[in-house]
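Modelling step: build the complete structure from the supplied sequences, incorporating the hints.
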Amino acid sequence: PDQDKEYDNKGFNFHEVVFTDETPARIGDERGMIQTWCCEGEQYNDDVKHNRNVKDCCLQFYACFRYNFKGPCHVYYQETEEEKAAAEVHIAQLNVNKKTRDNKLQIYAQQALQGISESDINGRYNTRKKQYVPSTMDYKRGDRGRGGVDRYRHREGALKKVVPWIHNLKNRGIKCVLQQDGAPAHNSRLSRDYLVTEHVDRLWWPGHSSEANAIEHAWPWIQQHVTKQFTPSCTPKQYEKQ
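Residue numbers (full-length UniProt numbering): 1 to 242.
Once the Cα atoms are required to be at most 25 angstroms apart in a straight line, the calculated SDA-like pairs of lysine to any residue come out as: (1) K70 to L169; (2) K70 to R192; (3) K140 to Y194; (4) K98 to P184; (5) K104 to T197; (6) K161 to E16; (7) K99 to T136; (8) K140 to N95; (9) K161 to T23; (10) K161 to V200; (11) K161 to W219; (12) K70 to Q224; (13) K70 to L178; (14) K140 to V89; (15) K70 to R172; (16) K161 to C176; (17) K140 to E83; (18) K175 to P72; (19) K160 to D150; (20) K99 to P134; (21) K160 to I174; (22) K140 to L105; (23) K161 to Q93; (24) K160 to M137; (25) K175 to C73; (26) K161 to K175; (27) K170 to D181; (28) K104 to V196; (29) K160 to S188.
Here are the in silico distance ranges between beta carbons for each label pair: (30) A87 to V196: 17 to 25 angstroms; (31) K160 to P134: 23 to 31 angstroms; (32) A85 to W219: 31 to 39 angstroms; (33) E42 to W219: 31 to 39 angstroms; (34) K99 to N68: 41 to 49 angstroms; (35) P134 to K161: 27 to 35 angstroms; (36) N45 to C73: 40 to 48 angstroms; (37) C73 to G173: 19 to 27 angstroms; (38) K160 to Q106: 27 to 35 angstroms; (39) D193 to E81: 25 to 33 angstroms; (40) E198 to Q106: 17 to 25 angstroms.
Simulated from the structure, these hints should not be mistaken for lab results. Positions of the beta carbon are idealized from the N, C-alpha and C atoms, including for glycine.
Now the structure itself:
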């Protein structure tokens, strides 16, 4: 791209990029305040004292858009025990299907190599069956011990709404390239394999890159617009009422 001009799209066509991002809604999150905690016996004026609220994430909002097209959104709520149990059963079934599919692909590869008499550097036919190691090849939920969105919820929640929308645009002749940041849930094999299976092109996200996501500029406006309608909640009960 031309470094003397900005946003000229030389070398890049950002009109094809599907920008995605998510933001949490936290109870007790009071932006713009400087909080200092005083210990017992320390002197502070009563008008500047503020009770400490335990911050917790009640939901997370995911959205996407492309040039001239508004995409679907998804809201992650706190996961129930029934949903967690169902997720474990589903992941176990995905691992069984993945192992079966990998074994079939190895058989096809062995037949193809034998057909062309392809040998490895030792002069032997490279048709040995690869060992399936569950500890490294199975899908896992991740270590989100404090809650939040893990790789499975990202796949089942956000991606399964975005992918059909992208396919709909492609069927109309509109090219789309999915952009995601470097979050662990976005880079997991569970998410990547799903996008590969659905033939969705992904935009490469380099490490330590500057924030070039166009959707980031929408969050301050949304926050300012939403907070005009109610006072920020400080407890889960206040949040549910709002």
